[in-house]
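Going down the list, the sequences are from chains A and B.
Start counting the first sequence at 0; every next residue gets the next number (numbering that gives the first Met the number 0).
Start counting the second sequence at 0; every next residue gets the next number (numbering that gives the first Met the number 0).
Incorrect hints may have been included.
Claimed, not checked - For lysine-lysine, the following DSS-like pairs were computed, each having C-alpha atoms within a straight-line distance of at most 27 Å:
#	chain 1	residue 1	chain 2	residue 2
1	B	Lys-110	A	Lys-80
2	A	Lys-80	B	Lys-12
3	B	Lys-128	B	Lys-74
4	B	Lys-185	B	Lys-161
5	A	Lys-80	B	Lys-2
6	B	Lys-161	B	Lys-12
7	A	Lys-277	A	Lys-221
8	B	Lys-161	B	Lys-2
Stated by the list, open to error - If the Cβ cut is set under 7 Å, some of the chain A residues that face chain B in the computed set are:
#	residue
9	Gly-73
10	Ser-88
11	Val-172
12	Thr-176
13	Val-275
14	Lys-277
15	His-278
Simulated from the structure, these hints should not be mistaken for laboratory data.
On a predicted model such as this, the values are computed, not experimentally measured, just so you know.
All C-beta atoms, glycine included, are put in the ideal place defined by N, C-alpha and C.
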Amino acid sequence: MDITWGASASHEIAWGGMIAVYLFLAGIAAGAFLTAALTDLFGKNRPAKLIRAGAYIPPIAIVVGLLLLVFDLGRPLSFWKLIFNVNFSSVMSLGTFIISIFTAVALVYAYLIWAWPVAQARGIQITVAGVEAAAAREVPASGLQALRKPVAVVGSLLAFGTATYTGFLLSAVSTNTFWSVPFLGISGVPFLPFLFLVSAISTGLAATLIGAIDCSDLTLYKKVDIVLLAIEILLLIILYTSVSSAFFQGGLANLFWIGVVVIGLLLPLILAIYGVSKHKNLVVPVCGMVVVGGLALRYFVVYAGQMVR
Amino acid sequence: MAKHYAMAVVVAKCIGCQACTVACKFQNNVPEGQYRTKTPVVGPKGTFPNVSMYFEKQACQMCQNAPCVEVCPTKASHYNEAGVVLVDVDKCVGCKYCLTACPYDARFINKDTGAADKCTFCWEARVSKGQVPACVSTCVGGALVFGDEKDSNSEIAKLLSKNKGEVRKEEFGTRPSIYYIFEGVK
């Protein structure tokens, strides 16, 4: 209403699409890193292509995300002040360090994985069919490669920190009833870090699988994907019942029901179960939809928290 | 005892003239289209003959438990020596975390500096020199009262002892220093 000069301007959105994409990319980076590093550490028959895809995605995703973040600042050139002025009560201040260190470790790990096949190839006859097998065989780690597993361990912890941080960043805003909604009503346990962690692993795994498309056997990973999708559906049901229905109305309703629920969860879940049971390779459509759904989820959460207050 | 600066808005005395809005822009050189304070209309509400409307001054509520100060990653948002919430422009990177945290929509990114901006109680130019904020000094209807809430002889302490001062969005526990006296309005 504009009947009198001075009438309240419509509520401004402080954090828009750039932040949503940044949160999404940070999640992809963390999830892909966990996929690669955990496979590297614990996999018995390690598919080298999958590890490589999962190691190369994180540095690219996180660096693009951080660039978006810097450009979104009111004063982009002053971003370095975040490093030198620390506020321990601010989640963002702590997150700055988690993400910075994660980015560095992800770059180191990507380099080690890039250098890895070279070390593996020494003294091994490489045939077209033999590359995969060679990667699976353990060669005594030497030189820099001795660092690969420790880096994978440290990086995994930081990736876990990064994925949950994107949730804590929003949930720490206690004056925002949507972002700070507690998990199952338990006060002090925020909901968003759980949702963003599961979505991060799910989208990161999906992006990695797309990158490792012609890999031999990915059944285990496809099954993990199905479990993650099921958990995410459960979490969204919890969210839906925990907050006001006003958050799921208006323009955001389409984004939530079509983008997040149908494209991001239900369709890939049905297709993935069908694909695994019929031994059909549906990696690209399934994983593509999971990734799109992850982006829709970040958009929805970022905007819903600011549209309705 | 440390001072606690507070402002009371006697809503019934406000005629919506926006002198406060203008005075603030003059005093603080706020960019075009942006406001540290403004006084929008609430209403009109009800059906004839029981129709009412009033004006409600909006600005930083000078919380004593300020969400903006808590979330600020660089400590640019801080309490000064007198408990007034201020932004250190030099430390602010413009991340807008405080904008998302403020439940009163009191903050904005200053178009000229790129830093978070908001009401300062005119600290630098006026209150630190013993004057009252520009909006208070210019208020035509005498609707704005400013002073040290802890000094029982101050005008604001006397006013608040006689009238019920309400704070906005009390449920968030932000403990604002702006009191609204709705007597004769609601």
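Checked hints:
1. B:Lys-110 with A:Lys-80: Given that 27 Å is the threshold and the Cα spacing comes to 20 Å, the pair holds.
2. A:Lys-80 with B:Lys-12: Cα-Cα ~45 Å, so violated.
3. B:Lys-128 with B:Lys-74: With Cα atoms ~25 Å apart, Lys-128 (chain B) and Lys-74 (chain B) stay inside 27 Å; holds.
4. B:Lys-185 with B:Lys-161: The hint holds at about 17 Å.
5. A:Lys-80 with B:Lys-2: Violated: Lys-80 (chain A) and Lys-2 (chain B) sit about 32 Å apart, past 27 Å.
6. B:Lys-161 with B:Lys-12: 16 Å, holds
7. A:Lys-277 with A:Lys-221: 13 Å, holds
8. B:Lys-161 with B:Lys-2: 21 Å, holds
9. Gly-73: 2 Å, holds
10. Ser-88: Result: holds, 5 Å to nearest chain B Cβ.
11. Val-172: Holds. Min distance 5 Å.
12. Thr-176: At 9 Å from the nearest chain B Cβ, Thr-176 (chain A) fails the 7 Å test, so the hint is violated.
13. Val-275: Violated: closest Cβ of chain B sits about 41 Å from Val-275 (chain A), beyond 7 Å.
14. Lys-277: 46 Å, violated
15. His-278: With a closest approach of 47 Å, the His-278 (chain A) hint is violated.
Checked against the numbered hints above, the structure breaks hints 2, 5, 12, 13, 14, 15 and satisfies the rest.
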